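So the protein sequences, as listed, match chains A and B.
Its first residue numbered 1, the first sequence is counted upward by one per residue in my numbering.
Its first residue numbered 1, the second sequence is counted upward by one per residue in my numbering.
FYI, nobody ran anything at the bench for these hints, they're computed from the structure.
Just to be clear, a hint being listed does not mean it is correct.
[Said to hold, decoys possible] Computed, partial: chain A to chain B, Cβ under 10 Å:
hint, residue
1, Thr65
2, Ile66
3, Ile69
4, Val70
5, Arg72
6, Lys73
7, Ala121
8, Met125
9, Asn131
10, Ala135
11, Leu137
12, Gln138
[To be verified] When the alpha-carbon atoms are kept at most 27 Å apart in a straight line, the in silico DSS-like pairs for lysine-lysine are as follows:
hint, chain 1, residue 1, chain 2, residue 2
13, A, Lys7, B, Lys137
14, A, Lys6, B, Lys137
15, A, Lys2, B, Lys80
16, A, Lys73, B, Lys99
17, A, Lys139, B, Lys137
18, B, Lys37, B, Lys93
19, B, Lys124, B, Lys93
20, B, Lys137, A, Lys67
21, B, Lys140, A, Lys7
22, B, Lys124, B, Lys37
23, A, Lys139, B, Lys142
24, A, Lys139, B, Lys124
25, A, Lys6, B, Lys99
26, A, Lys2, B, Lys137
27, B, Lys141, A, Lys139
28, A, Lys139, B, Lys37
29, A, Lys67, B, Lys124
30, A, Lys73, B, Lys137
31, A, Lys2, B, Lys99
32, B, Lys140, A, Lys139
33, B, Lys137, B, Lys124
34, B, Lys99, A, Lys67
Computed from a predicted model, the values in this text were never measured in an experiment.
Quick reminder that beta carbons are idealized off the backbone N, C-alpha and C, glycines included.
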Amino acid sequence: MKETIKKLVEIFLICHFLISVAIGACGMILGPDTKLGYGDLFVPSLMAFLCTLPTLLTIQPEKLTIKQIVGRKILQVLMVEAIVLSMIHFGFHGINGIGGAFTVAVSVLLVFVGVSLADWAQGCMEAEDLNRRLAQLQKEE
Amino acid sequence: MRVSIRNILHREDEQVVLECVEMTKDFEDIREYALMKGNILVGYIHDTAYQLNLSDILYFEAVGDQVFAYTAEEIYSVKKRLYELESVYQDRKFIRCSKSVLVNLMQIESFRPALDSRFFARMKNGEDIIVSRMYAKELKKKLMEG
Chain A
1 MKETIKKLVE
11 IFLICHFLIS
21 VAIGACGMIL
31 GPDTKLGYGD
41 LFVPSLMAFL
51 CTLPTLLTIQ
61 PEKLTIKQIV
71 GRKILQVLMV
81 EAIVLSMIHF
91 GFHGINGIGG
101 AFTVAVSVLL
111 VFVGVSLADW
121 AQGCMEAEDL
131 NRRLAQLQKE
141 E
Chain B
1 MRVSIRNILH
11 REDEQVVLEC
21 VEMTKDFEDI
31 REYALMKGNI
41 LVGYIHDTAY
51 QLNLSDILYF
61 EAVGDQVFAY
71 TAEEIYSVKK
81 RLYELESVYQ
91 DRKFIRCSKS
101 VLVNLMQIES
111 FRPALDSRFF
121 ARMKNGEDII
131 VSRMYAKELK
141 KKLMEG
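Let's have the full structure, built from the sequences with the hints guiding it.
If you want it as structure tokens, here you go:
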């Protein structure tokens, strides 16, 4: 439990830092004269909190079957979709109709699937390497 | 307690002999220690002690305060902590693959990726063990060292 909380706080702080830097950098480039209110200071914290939520689904017990892992991945992508869409809609009023929401949702899904596939491919290569070394070790013994 | 050491000629005749009036806790500890230094480990099913051959053990798992040794046929309780087993058996091809599991490399059949940057280790009895991200690096290192 202690480890889990530590990990969540760590992720929250990293997200907070990166979001603050991103807002600062983008603001300096895109709207250097824009004035912010006190309420805007809470935006990085709120966004970092929302970004930390999907991590709750990645904190896993030791033993999970492939089905459970896939189930968690689906929940994770649904949560990411909901967060991204609500952030764009409520935060920036940037979604125009169902078409816009669909485009964002598909983009998020594509990125998520792309990252998962890249992760899987890398895992396959590493597993192959491990198998080769394991076979060698067992042969030597 | 008196301790005597007798020199012998052949390594294969080396042994520890315990002479006691009754098997006390101290003698039991000494016996377990001596066995642990060899290729034998004492495992328990209920209160019955069994001598386990190290090479037959697939993996050790810590569940709460207890540690269990899994063989293809049985699950034995072991009166040692996981970190103690790890330090004693790390040069016998046992390696930590997650926070609660110490796996016998010689009993692993193959590795395959899980969907979340972790690996499944398929044991020779068909069981799958999770290798967590954190310990995968250590595992690679150990496999490279041989």
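Now for the hints, and whether the structure bears them out:
With 10 Å as the threshold, the beta carbon of Thr65(A) comes within range of chain B, its nearest partner Cβ sitting at about 8 Å, so the hint holds. With a least beta-carbon distance of about 7 Å to chain B, the hint placing Ile66(A) at the interface is held under the 10 Å criterion. Interface restraint check: Ile69(A) against chain B, minimum CB-CB distance 5 Å, threshold 10 Å, status holds. This hint holds: Val70(A) has a C-beta 7 Å from the nearest C-beta of chain B, less than the 10 Å allowed.
The interface hint given for Arg72(A) holds, since its Cβ lies 8 Å from the closest Cβ of chain B, which is under the 10 Å cut-off. The closest approach between the C-beta of Lys73(A) and any C-beta of chain B is roughly 6 Å, which is under the 10 Å cut-off, so the hint is satisfied. With its C-beta approaching chain B no nearer than about 9 Å, Ala121(A) sits inside the 10 Å limit, and its interface hint holds. This hint holds: Met125(A) has a C-beta 9 Å from the nearest C-beta of chain B, less than the 10 Å allowed.
About 5 Å separates the beta-carbon of Asn131(A) from the nearest beta-carbon of chain B, less than 10 Å, and the hint is met. Against a cut-off of 10 Å between C-beta atoms, the interface hint on Ala135(A) holds, since the closest Cβ of chain B lies about 9 Å away. For Leu137(A), the shortest C-beta to C-beta distance to chain B is roughly 6 Å, which falls under 10 Å, so the interface hint holds. Proximity of Gln138(A) to chain B holds as hinted, the smallest CB-CB distance being about 6 Å (cut-off 10 Å).
With a C-alpha separation of about 20 Å, the suggested pair Lys7(A) and Lys137(B) falls inside the 27 Å cut-off, and the hint holds. Taking the CA atoms of Lys6(A) and Lys137(B), the gap is about 22 Å. The hint holds against a cut of 27 Å. For the proposed pair Lys2(A) and Lys80(B), the alpha carbon gap of about 25 Å is at most 27 Å, so the pair holds. Restraint check for Lys73(A) and Lys99(B): the C-alpha separation of about 23 Å stays at or below 27 Å, so the hint holds.
Simply put, Lys139(A) and Lys137(B) have alpha-carbon atoms about 22 Å apart, close enough for the 27 Å limit, and the pair holds. Straight-line distance between C-alpha atoms of Lys37(B) and Lys93(B) comes to about 14 Å, which keeps the hinted pair within the 27 Å bound. With a CA separation close to 15 Å, the supplied pair Lys124(B) and Lys93(B) stays within the 27 Å bound. Taking the CA atoms of Lys137(B) and Lys67(A), the gap is about 25 Å. The hint holds against a cut of 27 Å.
Distance restraint check for Lys140(B) and Lys7(A): the Cα-Cα separation of roughly 25 Å lies within the 27 Å cut-off, and the hinted pair is therefore satisfied. For the given pair, Lys124(B) sits about 25 Å from Lys37(B) by alpha-carbon distance, which is consistent with the 27 Å threshold. Under the criterion of a C-alpha separation no larger than 27 Å, the hint pairing Lys139(A) with Lys142(B) is consistent with the structure, at around 15 Å. A C-alpha spacing of about 15 Å is found between Lys139(A) and Lys124(B), which places the hinted pair at or below 27 Å, so the restraint holds.
Pair hint Lys6(A) plus Lys99(B) holds up; C-alpha atoms about 16 Å apart against a cutoff of 27 Å. Using a Cα cut-off of 27 Å, the hinted pair Lys2(A) and Lys137(B) holds, with the two alpha carbons roughly 24 Å apart. Of the pairs offered as hints, the one joining Lys141(B) and Lys139(A) holds, with about 18 Å between alpha carbons and a cut-off of 27 Å not exceeded. Note on Lys139(A) and Lys37(B): the hinted pairing holds, with a Cα-Cα distance of about 24 Å set against a maximum of 27 Å.
For the hint pairing Lys67(A) with Lys124(B), the CA-to-CA distance comes to about 22 Å; that is within 27 Å, so the pair holds. Between the alpha carbons of Lys73(A) and Lys137(B) the distance comes to roughly 24 Å, so the proposed pair stays at or under 27 Å and holds. This hinted pair checks out: Lys2(A) and Lys99(B) have alpha carbons roughly 14 Å apart, not beyond 27 Å. Between Lys140(B) and Lys139(A) the CA atoms are separated by roughly 17 Å; this keeps the pair inside 27 Å, and the hint holds.
At most 27 Å may separate the alpha-carbon atoms for a hinted pair to count; Lys137(B) and Lys124(B) meet this at roughly 22 Å. Restraint check for Lys99(B) and Lys67(A): satisfied, since their Cα atoms lie roughly 22 Å apart, inside the 27 Å limit.
Taken one by one, the earlier hints all hold for this structure without exception.
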